[in-house]
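Novice: Chains as they are written, first to last, in the working numbering: chain A, 1 to 114; chain B, 1001 to 1111.
Be aware that one or more of the hints could be misleading.
Among the chain A residues that face chain B by a calculated CB cut under 10 Å, a handful are [claimed, not checked]:
#, residue
1, T20
2, Y35
3, F69
Examples of chain B residues lying across from chain A (beta carbon under 7 Å, computed) [what the hints assert, rightly or not]:
#, residue
4, N1030
5, R1041
6, G1042
7, L1043
8, H1045
9, L1048
10, Y1092
11, Y1097
12, K1098
13, F1101
14, T1103
These are computed hints drawn from the structure, not numbers from a lab. From a predicted model like this one, the values you see are computed outputs, not experimental measurements. Glycine included, every Cβ here is placed at the ideal spot set by N, Cα and C.
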Amino acid sequence: KAGVTQTPRYLIKTRGQQVTLSCSPISGHRSVSWYQQTPGQGLQFLFEYFSETQRNKGNFPGRFSGRQFSNSRSEMNVSTLELGDSALYLCASSLGTSENNEQFFGPGTRLTVL
Amino acid sequence: SQQGEEDPQALSIQEGENATMNCSYKTSINNLQWYRQNSGRGLVHLILIRSNEREKHSGRLRVTLDTSKKSSSLLITASRAADTASYFCAIYTSGTYKYIFGTGTRLKVLA
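So that you can see chain B by itself, here it is in the shape it has in the complex:
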């Protein structure tokens, strides 16, 4: 399966701490996107990182991509209660014309 596998499946941290979640995949990719979803609502796009990029930042978010290890990580710094959500990675492989979503990490930030 090309599906991105996310780790951990669930994560609970205190407000102010950093949260790290990982996405691993099996094939070569064109790009990878990270999304956030609150309580079964629509997905919010966070960051797109292309296969030739190694790191991208957006506010408190940092995404890294290691194509040799076929993995990506999403770091949320100084987490807030409002960051409580499920986080998904989605991978795009050349020739497939579709994104394959990971199983998601459920993050809970305790106030």
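The following block holds chain A by itself, in its conformation from the complex:
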């Protein structure tokens, strides 16, 4: 069974631009969660989607948004990029909602904002 895939793997953008990251969960998994990882703040929860509905959102500004499609694939969007948005963005999928199931992570998208 294929694992969680994320595209692109690397991305370089400039301040003010916007970016869209994609995550394809493991087949049959209905929940996708997104995390931001930086050296200073560690791993921080962005949001979780289950059956196309956002269950929760972390403490991030409105520039960070996401969505989930009917096939469970998910995208996250960051608008008006800032230097501090440079990070590794990880998505994780689980069979059901995250609180009762193991989360399987993708390799991440490394975003660099110049």
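Once you have looked at the hints, place chain B on chain A.
Specialist: Just chain B now, with coordinates in the frame of chain A:
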């Protein structure tokens, strides 16, 4: 903060030795998961332990959970150089709908 605090922050041991890392938290939890991460790559799931469980095993890994002390430990027995990685705990608290990750323990296993 509900964040899991991990101890030690860094650990260096010889191959064949056991490695123990701890995770402490402040609130009641539903479950706790341990992950491994190699050099800034994606996280690999190790073990999920629920609040009503006290111990779980997976191969050379043993996880314990003490809800009275609000702490968990991950033991890696007979460590190998390939175990060199950062290890994170993630706690899930009822009603929060999210996992909070700890700061991680950087383990280095010397050959």
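Novice: All hints are to be evaluated individually against the structure, with a verdict given for each.
Specialist: Quick rundown of the hints versus the structure:
1. T20: Interface hint status for T20 (chain A): violated (19 Å vs cutoff 10 Å).
2. Y35: holds, 8 Å
3. F69: violated, 21 Å
4. N1030: N1030 (chain B) check passes; min Cβ-Cβ to chain A is 5 Å, inside 7 Å.
5. R1041: Nearest chain A Cβ about 6 Å off; hint holds.
6. G1042: Result: holds, 4 Å to nearest chain A Cβ.
7. L1043: holds, 4 Å
8. H1045: holds, 5 Å
9. L1048: holds, 5 Å
10. Y1092: holds, 5 Å
11. Y1097: holds, 4 Å
12. K1098: Constraint on K1098 (chain B) satisfied, holds at 4 Å.
13. F1101: holds, 4 Å
14. T1103: OK, holds: T1103 (chain B) within 7 Å of chain A, min 6 Å.
Violation of the numbered hints given earlier is confined to hints 1, 3; the remaining hints are satisfied by the structure.
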